[in-house]
Amino acid sequence: MPQPAVPLVGFTPVLRAHKFAVSNEQTVTFLAAVELLGPVCFEAIHLAAYACFAPPYDRREEFEALFCAHFLGDPLVISEQEAGKERGLRETSSGRDLATAETRQGDSGRAADAAELLFARRFATGANRETRRRLRSLACRMPQRLSSRMKPVRRGRSIHLSRSMARMLRNDGDVPKPVFRERRTRARNILLLIDISGSMKDQTREYLSLAHILSREVDHIEVFTIGTRLTRITQAVGRSNEFAALAAVAQRVSDWDGGTRLGPGLSALTGNSRYLNYARGAVVLILSDGLERGDSAPLLHAMQRLRRVAWRLSWLSPLIADPQFRPQTDALRQLLPILDDLVDGSSMHAIANFVLHLAIPAPRASAVWSHRKKSR
Amino acid sequence: MKDAAAPLAAAIAPFADLAQPADVVQRLLERDYLADAGLATAIFLALRLGKPLLLEGPPGVGKTEAAAAIAAITNRSVVRLQCYEGIDASQALYEWNYARQLLALRQAGDKSIDLYGAEFLIERPLLKVLRAPDDRLLLIDEVDRSDHEFEAFLLEFLSDFQISIPEIGTQRATSTPIVIMTSNRTRELHEALRRRCIYHWIAYPDAEREAEIILRRAGDIVRSTAEATARAVRQLRSQSLSKPPGIVEAIEWAQAATLLRSHSGWPEAFRRAIGVVIKDEEDLEAIQPHLETILRDACQ
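Residue numbers (our numbering), protein chains in the order written: chain A, 1 to 376; chain B, 1 to 300.
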């Protein structure tokens, strides 16, 4: 390899070490790009790196730091890296498992503590396996919507021209029976919002397991956590191994067991057009006790916005398991008219039951709860 | 000897007339498109290395416009494939004209006819570009709206630029076509697709550049108006609205305010034309308390 190319090629392992997906083809492209641009200025290499390695938008800062560290020898980042390595070493020497060590390396100790907290209760319930079994049929029980793709059917309104044509040709130009077509259906998306504030501490672990199971069972799901801020964990929680999934979640989320700021969290969701798109025509499930501290106006505002785009807006609260429960907090009372469902979210079993029956129409939350009030 | 070598050289190094990204900036500028260094580098690399170009960015930032400008500087016509959910191969590649085939079959009677002749083939964008890669540029607009299956299909197309039609045979591109993809990032694109492309994230331009764009695009606009609009729009975008205004909206706002100015002063004209730039009732409500200050600052 020619001497000047060494640092350029050397950038790929650096990126890979930090979990950027980089193919060899991209490295080749990068080399070709730098050669093409000529060693005019450093900025050219900088721009070429962005163009060729295509770092995901939300990791651009990280990419920038790595680039500076590698090519400019930025001491700040390197020292941080080394600190990370040391930490990692200490972890392994004290006999922890790999997943925890990785978590330590990635973020502050807080994330690792959260991971420990999650793992500690791993075998606490046998409900996990049971739920997994029950939810196996979820994919075919999800509510459906029309897709714009067509499928051939025996009877229908419009003729499936290509199939009919093929059939004609097989029959020497006769049309024994035309093939019809109709629109396919597709499962609706799920948008799962998990409240991870302090008051939900007992459920957090269960809810994340559930999120993991759901994202393994259905194709279109988006998962967010809301604590003091909003975090998208769709990719993390969707890993095939539950252990790895939870470790990844623990690394991404930094606001475990903090205060509840549902309103601002939901506003961050509805204020981002990309995130709001996930709710369009979707089943929106909110797992929270609804104990909002402070002003409930932003919460109401965001929920109204969700109401207008979502297909079904459901609130699952662990407090509802209590037969004495009535939606009497300020926030819930105001929310009741715009919710489709306000149901029990205290156990995996209850939630799984609810999720399995999403396709079946249910009376609106306000109707259900006014009825309960009377019967009391 | 010289004549024989020329086309060969062109085949090895396409767009050799673009020697550096600055040339791209210059050529785009002639077409009234202002590109920054990052975008110019990406375009330059995509053209010279013969790779697809993936442009991501918020809505209204000029992604599709960039494709049109690239087509103009490379003397190609744009073939646009607008993606939507459920788009499939028959809308992207080719389709047989079944109605016509049926008619032909009827008319033929006992004679034998070729049902898979060129006259029955409807070329869709991908095939169109494949057949004339030197005259056409393929714009795959809003890839993020299509579903995963289609993305996988695109990946296959972009890797070898060939399409096999069972009735006719495999169609290959004689040279690598220029392909530009845009995405609003309403969902994450597949890693493999990103890896195959030259990538650029188009952000909103800074106020100075935006003023320049408005000035070039809006027609009868005074420089000070363009600058004021750019400043105000920049402020609006920082307010975390659900639909931040794009560049097109900024241009329209400048035009609208210029039209209204004869009846009222500057900040007032902008305020009355606000419907052009913010098209969401809740955003309007959210911005109302700050609007006065934003406009006053912008118009100074």
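For the record, the hints were derived by calculation from the structure and aren't laboratory data.
Be a bit skeptical, because a hint or two may be false.
Unchecked claim - Below, simulated SDA-like cross-link-like pairs (lysine to any residue); rule was C-alpha separation at most 20 Å, straight line:
#: 1; chain 1: A; residue 1: K19; chain 2: A; residue 2: V9
#: 2; chain 1: B; residue 1: K243; chain 2: B; residue 2: Q171
#: 3; chain 1: A; residue 1: K151; chain 2: B; residue 2: G86
#: 4; chain 1: B; residue 1: K111; chain 2: B; residue 2: E95
#: 5; chain 1: B; residue 1: K243; chain 2: A; residue 2: V9
#: 6; chain 1: A; residue 1: K177; chain 2: A; residue 2: R141
#: 7; chain 1: B; residue 1: K243; chain 2: A; residue 2: G281
#: 8; chain 1: B; residue 1: K243; chain 2: B; residue 2: R194
#: 9; chain 1: B; residue 1: K243; chain 2: A; residue 2: R308
#: 10; chain 1: A; residue 1: K177; chain 2: B; residue 2: L103
#: 11; chain 1: B; residue 1: K279; chain 2: A; residue 2: R274
#: 12; chain 1: B; residue 1: K279; chain 2: A; residue 2: P152
#: 13; chain 1: B; residue 1: K111; chain 2: B; residue 2: A99
#: 14; chain 1: A; residue 1: K151; chain 2: B; residue 2: W96
#: 15; chain 1: B; residue 1: K243; chain 2: A; residue 2: K177
#: 16; chain 1: A; residue 1: K177; chain 2: B; residue 2: Y98
#: 17; chain 1: B; residue 1: K243; chain 2: A; residue 2: S240
#: 18; chain 1: B; residue 1: K128; chain 2: B; residue 2: L103
#: 19; chain 1: A; residue 1: K19; chain 2: B; residue 2: K279
#: 20; chain 1: A; residue 1: K19; chain 2: A; residue 2: H301
#: 21; chain 1: B; residue 1: K243; chain 2: B; residue 2: Q288
#: 22; chain 1: A; residue 1: K19; chain 2: A; residue 2: Y57
#: 23; chain 1: A; residue 1: K151; chain 2: B; residue 2: E95
#: 24; chain 1: B; residue 1: K243; chain 2: A; residue 2: S273
#: 25; chain 1: B; residue 1: K243; chain 2: A; residue 2: P152
#: 26; chain 1: B; residue 1: K128; chain 2: B; residue 2: Q171
#: 27; chain 1: B; residue 1: K279; chain 2: A; residue 2: V309
#: 28; chain 1: B; residue 1: K279; chain 2: A; residue 2: V9
Taking only the CA atoms, is the gap from K177/A to L103/B under or equal to 20 Å?
-> The given pair, whose Cα atoms are some 17 Å apart, holds under the 20 Å limit.
Hinted pair K243/B and Q288/B, Cα distance within 20 Å = holds, 15 Å
Taken at face value, is the distance from the CA of V309/A to the CA of K279/B at most 20 Å?
-> Satisfied, since the Cα-Cα distance of roughly 17 Å is no more than 20 Å.
20 Å limit on alpha-carbon distance, applied to hinted pair K279/B and R274/A | holds, 17 Å
Would the pair K151/A and E95/B pass a check requiring their Cα atoms to be no farther apart than 20 Å?
-> holds, 16 Å
Is K151/A close enough to W96/B, meaning Cα to Cα at most 20 Å?
-> This hinted pair holds, its Cα atoms lying about 17 Å apart.
Given the hint that K243/B pairs with R308/A, test it: the Cα-Cα distance must not exceed 20 Å.
-> OK: K243/B and R308/A at ~16 Å, within 20 Å.
Between K243/B and S273/A, is the straight-line Cα distance small enough, at 20 Å or below?
-> Holds - the C-alpha atoms of S273/A and K243/B are around 7 Å apart, at most 20 Å.
If you draw a straight line from the CA of K279/B to the CA of V9/A, is it 20 Å or shorter?
-> violated, 48 Å
Starting from K243/B, check that the Cα of R194/B is at most 20 Å away, please.
-> At roughly 26 Å apart (the allowed maximum being 20 Å), R194/B and K243/B break the hint.
Please work out if K243/B and S240/A have their alpha carbons no farther apart than 20 Å.
-> violated, 35 Å
Taking only the CA atoms, is the gap from K243/B to P152/A under or equal to 20 Å?
-> violated, 40 Å
Of the numbered hints listed earlier, those contradicted by the structure are 2, 4, 5, 6, 8, 12, 15, 17, 18, 19, 20, 25 and 28.
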